[in-house]
Structures are given as C-alpha cells and as structure tokens.
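Peer 1: Spelled out, the chains give:
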Amino acid sequence: MTQAGTHQGYIRMALMGTAFIGLTVVLIVFQPGSSRQAQVSIVSDTVDTSVTRDAARLDDLNAVTAQAEEAAPKTRQVTPVNQDPPGTDGQRPAVTADHQPTNLRDMTFSAISQVKSATTGQAPAPGQPGSLLHSVVQRSMSTDAPAAGQPTPPRSEPLHAATGADDSPGSRTYQVRTGDTLVGIAEALYGDANMSTHLFMNNTEIMPRPDSLKPGMVLTLPAPVATTSGN
Amino acid sequence: MVLVRSVGSAALLIAGGPLLAQSAAITESDSAFSFTMNGSTMRVTRSGPSCPSSCIQPMRAAAGVETFGELEVIDFLQNPVSDGSGLLIDVRMPATFSAGSVPGAVNVPVRTFRPDNPYRSDLLSALGVQTAESSPGFAKAFTLVIFGSGPDDADATAVIGHLLDAGYPAGKIGYYRGGAARWSALGLNTEVGQ
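Residue numbers (my numbering), protein chains in the order written: chain G, 1 to 231; chain W, 1 to 194.
Hints listed in this document are in silico derivations from the structure and should not be mistaken for laboratory results.
Cβ coordinates follow ideal geometry from the N, Cα and C atoms, glycine included.
Treat the hints with care, since some could be wrong.
[What the hints assert, rightly or not] Label pairs and their in silico Cβ distance ranges:
#	chain 1	residue 1	chain 2	residue 2	range
1	G	T197	W	G69	36 to 46 Å
2	W	P52	G	I206	55 to 65 Å
3	G	V218	W	G69	32 to 42 Å
4	W	T190	G	P32	50 to 60 Å
5	G	T197	W	P52	55 to 65 Å
6	G	M217	W	M59	56 to 66 Å
7	G	P215	W	S85	56 to 66 Å
8	W	R60	G	V225	46 to 56 Å
[Claimed, not checked] Rough simulated footprint, nothing fancy, chain G against chain W, three-plus residues with beta-carbon under 8 Å:
#	region
9	84-95
10	180-186
Full structure from sequences and hints, please.
Peer 2: Given below as structure tokens:
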C-alpha cells in the first residue's frame, strides 16, 4: 500500500518535471516577446524615413525666397498640434491667426538669438532679456500691472537690466501662470534663482508654504537684492 | 453667362498677349517703358523673372537711407560691425540664409519685421532700441545695413519701410541693393551656415 503510494509520487514528479522541461523548451524556441520587439524597431525605422523626407521637402520650398511665403501656410498645416504659447497670443488672436504664431515666434527668437550672439558673443540664456521666457514675463507684467507706471527695465543690457534697473519695492506685481515655479519666476525677473527666497518672503501673506504657488496668484515683487550666487 | 465667358476670354487674350511675348513686369505698376530719342520711339521691356515676385527696386530705398555697394559693405563690416555698433542684416528666409550669405551677416527674416509680429518689440530691443512700444529710444540702436536676395528683392526695401515706420532713424539704416545675388556674382566669398 505504501509501496504503491511512493510509486505514484514518483510518477507524478516525473510527469510534472517533463511538463516543466517541455514548456521551457517551447518558450525558448518560440520566444513570444521577441517578435514584438522586432515590430517596434520596424515602426521606428519608418518614422525616421518620413522625418528625413519632410526635411528635404522644406529645403526645396525655401530655395526661392518668393516661394517661402507660400510655404509658410503649408508648414502650419503640418504642425497644428504644436504647443500654444502660454497666454501670449491671447491678446491678438485675430491678427496672428493668419501668420502661424508658433512659427513666427520661433523665427523671431532665433533671429534675436543670432543678433544677440553677433553683438554680445553669446545667445541669451533662458530668462534673460532677449529670451522667450523673459518676453512672456515682461508681457504678463505689462498687461497685469499697467497702473503701476513703472518703466519696464531696459532689455538691451543682459543681467543688469533685470537686477539693477528699478529699486521700487512693492510697486510691481506678477500674476502667476500655469507651469510657473518660484525659481523660474526669480530667474526670469531677476536673472537670479536665489531671489526665489526673497520672492517667497515678500508674499507670505498669500503663500503659506513655498510650494503653494497657484495660477492666478498675484505676487508682490521685492526689490532686487544682491545674492551670493555667481550666475 | 455667355457674355461673361466671352468677356473672360477677351481678357485672357489681352493678358496672354504679353505673356506669350515673354515680357515681364519691371516694377509693381509698369511692365514696360517707352521713350523717344531723336523722334523715334524706343521701349524698355523685361524678359525672364516677373514682377510680383521679383520687382526691380529703386536705387534709394527711402529718403535719408544710404545705398551701399560692395566696397561700402566691406568697409561697413570692417568698421561699425567690427567695433560692435553696426549689423549687416540678411532678410531672406533662414533656409536660404544658411545655404550661404555675406560673411558677418545676421539673419533676421522679413516676416519678423512686420508690424503684426507680436514679438517685434523683442526683436527691436535686441537691435538696441529701448522700450520699443511707448517711447522708443534709438540712441543705442545699431546701425543696420539691410540686404535681400538681390536688386529685385522687395523684401529688403519692405524691411526698411517697417523699420522707418517703427521710428528707426533713417540715418542708422543702410540699403545694400545688390544683395546676395550680386555679392556672389562678383565672386566674393560667402559663409555657409553661420
């Protein structure tokens, strides 16, 4: 009786072992995951070729200056899902609608960075005068606080304009937009990330914590302070 | 309907006549000029490129704007550009510019100078104009020499017009009428992909 029981146990073990080895062999031979990887690489290959084809076509279009004007609407059709400039074009959508603002914006700021690098030797860093971020911030400030009557800092001189131009504490405000951070605002307005501390200290009545920044909040801007950052 | 069609075909005939003779418009308004010399009438016509895209530009782009030749452009590069008070500006499209342009030229396409560009004030401030919208200060503005693809490129003169409209002083604007076409036709070198 016990003899038969141990025999049955051996047979069961042998059967399960055989099944395990068989399944392993099947998995090794067919490798169900590998075919999917191959498909992915094929897809990325086709994407690559279409990209290079597009680039070549653009060169052709721009070969003649006169045709470039006609080419512009075509490229607009290609990139309609491009990101909208955050709140900057809302003021005049009727004017810019026909002139593909994203492309015109890129063209303008690449031209500006060329002018800057030709005159000062380096392209403006993000947040500094001449950069898109600086432009967006200046725009939001001039529309949100027109009554302040403070002249906007001259933008021709990098850094000095942002840090040393105006010494009027508390007279200027900045309305927080989606995606803003304290450090980002400090860099854009003062060219100095360390000013974010002063920015927070100046607005503790509306911000309980430094990370409680919300879109629509109106920050009172402190006077620029010389922080120890090298920048 | 028939009347419209016949009028249309007549207009096509009239318009098609000069087209077949390969005479192209010279300026925006005139496609040919005639004059009399010793009693006989002579005509100036143009073949090849046609005006709506390549209109021949006048020698003076605007009152007070100086016109430059190649040697003056080189002198401009050697002095105002070298000491950082001047900029040579190529107004062609970026792809054309990167294929080769005058050494030292900076690409600022014509579209960015238009008044309907919402970012034009940023561009002007990069050119040294102080607070472009309300009370522009042009004391520190760069001296500019503008050029396009050639003497038949209306873009360069359009840019000069836009700059003057924005208040840019005419004394700080120059016009290199020959443009990129004349520059390379004379065998002068170009810089690729600046």
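Peer 1: Next, verify each hint and record whether it holds.
Peer 2: Evaluated hints:
1. G:T197 - W:G69: 36 to 46 Å: violated (58 Å)
2. W:P52 - G:I206: 55 to 65 Å: holds (58 Å)
3. G:V218 - W:G69: 32 to 42 Å: violated (56 Å)
4. W:T190 - G:P32: 50 to 60 Å: holds (58 Å)
5. G:T197 - W:P52: 55 to 65 Å: holds (59 Å)
6. G:M217 - W:M59: 56 to 66 Å: holds (58 Å)
7. G:P215 - W:S85: 56 to 66 Å: violated (43 Å)
8. W:R60 - G:V225: 46 to 56 Å: For R60 (chain W) and V225 (chain G) the Cβ distance comes to about 53 Å; the hint holds.
9. 84-95: Check passed, 6 qualifying residues.
10. 180-186: violated (count 0)
The structure fails to meet hints 1, 3, 7 and 10 from the earlier list, while all remaining hints are met.
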